[in-house]
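Here is what each chain is made of, one letter per residue.
There are 2 protein chains.
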Amino acid sequence: MLNKKELKEYCTDARENYLPHISIDCVVFGFHEGLMKVLVLKMKDEGKWYLPGGFMLKKEPIETAANRILKERTGLDDIFLQQFHVFGDPERSKEHFEMYKDMLPANQNWFANRFLTIGYYALVDFCDVNPMPDQFSISCNWCDLNDVPELKLDHSLILKTALDTLRLHLNYQPVGYNLMPKEFTMPELQKLYETILDKKLDRRNFQRRMLGFGILSRSEQQRKGGAHKAPFLYSFDLEKYKAALVDGFKGGW
Amino acid sequence: MLNKKELKEYCTDARENYLPHISIDCVVFGFHEGLMKVLVLKMKDEGKWYLPGGFMLKKEPIETAANRILKERTGLDDIFLQQFHVFGDPERSKEHFEMYKDMLPANQNWFANRFLTIGYYALVDFCDVNPMPDQFSISCNWCDLNDVPELKLDHSLILKTALDTLRLHLNYQPVGYNLMPKEFTMPELQKLYETILDKKLDRRNFQRRMLGFGILSRSEQQRKGGAHKAPFLYSFDLEKYKAALVDGFKGGW
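Residue numbers (our numbering), protein chains in the order written: chain A, 1107 to 1359; chain B, 1107 to 1359.
Careful: at least some of the hints might be erroneous.
Because identical chains cannot be distinguished in the list, a pair is counted as satisfied if it fits within a single copy or across any two copies.
[Said to hold, decoys possible] As a list, the in silico DSBU-like pairs of lysine-lysine whose alpha-carbon atoms are at most 35 angstroms apart: (1) K1148 / K1330; (2) K1164 / K1114; (3) K1297 / K1164; (4) K1258 / K1165; (5) K1335 / K1348; (6) K1111 / K1346; (7) K1114 / K1150; (8) K1348 / K1200; (9) K1200 / K1306; (10) K1346 / K1258; (11) K1114 / K1288; (12) K1207 / K1335; (13) K1150 / K1330; (14) K1346 / K1114; (15) K1143 / K1177; (16) K1330 / K1177; (17) K1114 / K1207; (18) K1306 / K1114.
Hints were generated in silico from the structure; no laboratory data involved.
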C-alpha cells in the first residue's frame, strides 16, 4: 500500500503515462519434475497477495505492455505470454478504490477508475528463472498450485480462468517446448500433462494420441542405463510444433 | 460518417457515458443449409463496411455491453456472444481519427482516442433473425463468407481471428444447439461442421467421433420416407452439451 505522498506521485505519473481503465494481469505457471506453481507478489505494508499486473503505456501494443509489466514486477524477461480473457466486472477494482479513497479526491485518484484487466498466461520451468520483487512488493514467490494464498481483487478468478483455459488448450495445442529437456521419454512428457491436468493418464492412450499429433521426432538413440528396456527418446519437431500452435493439432477435424 | 454538428453531439454524449479507449466489436456468423455468412454494416455517406461495434457504458459489465451494442446496431437480441480476443494495435483506430480530425480539436474528439477493442463472436441461424440497420448505417447485411467486402479499420483481422478461433474451438467444444432443428440426422450435423471448416469430412470418422463426445441422444424414431434406409435421428442432450461447453469434450485428456 502506498502512503499519501507516494500515492499522489503514483497517480500523477499514471495519468500522464498510462491508458486509464485498462490493466494487464499475468498468470505465470511454473513447472519442474511434476510440480506446478504460480508466481505471486506480496505487497508491502498491505501484506496481501496479487498476481503480477500493471498498466499499459498510452501508445504501447498490448503484448509489449504485458511483457514489460511482467519484467518490471518480477524480473522475468523474454517469456511467451498468451492472452486469454478480459475481466470486466464493474466492481472488480472496488477494493483498491476503497483502500485509497480517503487519501486523494476521486478526480486525482487513479484507483478511483474502473479497470478492465486483460489476462495473460505463461508457462515456464521455475528452475530456469529467478523472480525478484519490485519496489511495491516484499516478495515474489512461486506458490504450489494447491496452496495459493488468498489473492486480492478478482485475482483468484483470473488464476482459475487461466488454469481452465490452459487445460482446454491442451486438447488442441502443444505444450512443453520450453518446459522439457531437448530430449525426453514419453513418460516424462506424460508427467507434464498429468501435472497440468492434475490427474493420471493412461500410458498407451497418451502415447498413441501424442504420436498422432505428429509433433515429435524419435531419436535414433535410446536412453542408456537402468535395469529395464531402454526407453525411446523424443524431441519436439519445432516446425510442426509451431504450426500446431497456430492451426491446432492435425487429427482435429 | 457524421457531419460536424452530429460529431460534436456524438462526442459530448460519448465522453459523458462511455469508457474511453475501449470498444467492442461483434462477429455474428449466420448459418443455414450449408451456407455461412457474416453480418456487416454499411455506414451512411462513407459507404464503407464495418462489423457491428460500439462503446461500453461507464458502469456496464462487458457481456451486457456486447449484447446491448449488437441489439442497438443490428436489432439482434438475446444472442449468445463469446468473447475471443482483444485487439490493441496502437494504430488500429487511426483511420477514424484521420476522418474526423479536421472537424473537432483532439481534446473534444472522441475518435482522437486510442481504442482497444474486445472481440465477441456468435453463431445464429440467419433465417431466425431479422437484422435492421441503426441510425448510422444504410444497411445491415448477411455477406457470404467468401464474398465479404473490404472492411474498415482492423475489422478484416477481427473477422479472420474469430473464424480461426471458432474452428479451433470445434476441437473441444460442441456447436449447433441453436443452429440445428430439434432432431437431425448425422449427415445434417456433419454438413454444419463442413460449412464452418470449409472442407469435406469423412462420414465414418465424423460419426464415430461425434458419438464419442457423448452429447447426442438417438431418437427411437427414424426419419420416414425416401428411397434409402431411414436414417437415425439425433438430438442434443442439453445437459451434457452445456457441460461440454464449460469443460470441453470428454475424450479429451
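To see whether the hints hold, each was checked on the structure:
1. Within a single copy, K1148 and K1330 get their C-alpha atoms no closer than 45 angstroms, and across copies no closer than 67 angstroms, so neither meets the 35 angstroms cut-off.
2. In the homo-oligomer, the alpha carbons of K1164 and K1114 lie at most 35 angstroms apart both inside one protomer (20 angstroms) and across protomers (24 angstroms), since each shortest distance falls under that limit.
3. Taking identical chains as interchangeable, the C-alpha atoms of K1297 and K1164 are never at most 35 angstroms apart, the minima being 43 angstroms within one chain and 46 angstroms between chains.
4. Taking the closest pair of Cα atoms, K1258 and K1165 come within 35 angstroms of each other both inside a single copy (28 angstroms) and across two copies (21 angstroms).
5. For the homomeric pair K1335 and K1348, the shortest alpha-carbon distance inside one copy (32 angstroms) is at most 35 angstroms, but the shortest distance between copies (45 angstroms) is not.
6. Taking the shortest alpha-carbon separations for K1111 and K1346, neither the intra-copy value of 54 angstroms nor the inter-copy value of 56 angstroms comes in at or below 35 angstroms.
7. For a Cα distance limit of 35 angstroms, the shortest separation of K1114 from K1150 inside one copy, 17 angstroms, qualifies, whereas the shortest one across copies, 46 angstroms, does not.
8. Taking the closest pair of Cα atoms, K1348 and K1200 come within 35 angstroms of each other only across two copies (32 angstroms); inside a single copy the shortest separation is 41 angstroms, beyond that limit.
9. Within a single copy, K1200 and K1306 get their C-alpha atoms no closer than 40 angstroms, and across copies no closer than 51 angstroms, so neither meets the 35 angstroms cut-off.
10. When the C-alpha separation of K1346 and K1258 is checked against a cutoff of 35 angstroms, the pair qualifies only between copies, where the shortest distance is 34 angstroms, while the shortest distance within a copy is 40 angstroms.
11. For the identical chains of this complex, K1114 and K1288 are neighbours neither inside a copy (50 angstroms) nor across copies (61 angstroms), given an alpha-carbon limit of 35 angstroms.
12. In this assembly of identical chains, the alpha carbons of K1207 and K1335 never lie at most 35 angstroms apart, being 67 angstroms within a copy and 73 angstroms across copies at closest.
13. In this homomeric assembly, K1150 and K1330 never come within 35 angstroms of each other (Cα to Cα): the closest approach is 50 angstroms inside a single copy and 73 angstroms across copies.
14. For the identical chains of this complex, K1346 and K1114 are neighbours neither inside a copy (51 angstroms) nor across copies (53 angstroms), given an alpha-carbon limit of 35 angstroms.
15. Only within a single protomer do K1143 and K1177 lie at most 35 angstroms apart by alpha-carbon distance; the minimum there is 18 angstroms, versus 43 angstroms between protomers.
16. Within a single copy, K1330 and K1177 get their C-alpha atoms no closer than 40 angstroms, and across copies no closer than 65 angstroms, so neither meets the 35 angstroms cut-off.
17. Taking CA atoms no more than 35 angstroms apart as the test, K1114 paired with K1207 passes in both settings, with 12 angstroms inside one copy and 33 angstroms between copies.
18. For the homomeric pair K1306 and K1114, neither the shortest alpha-carbon distance inside one copy (52 angstroms) nor that between copies (62 angstroms) is at most 35 angstroms.
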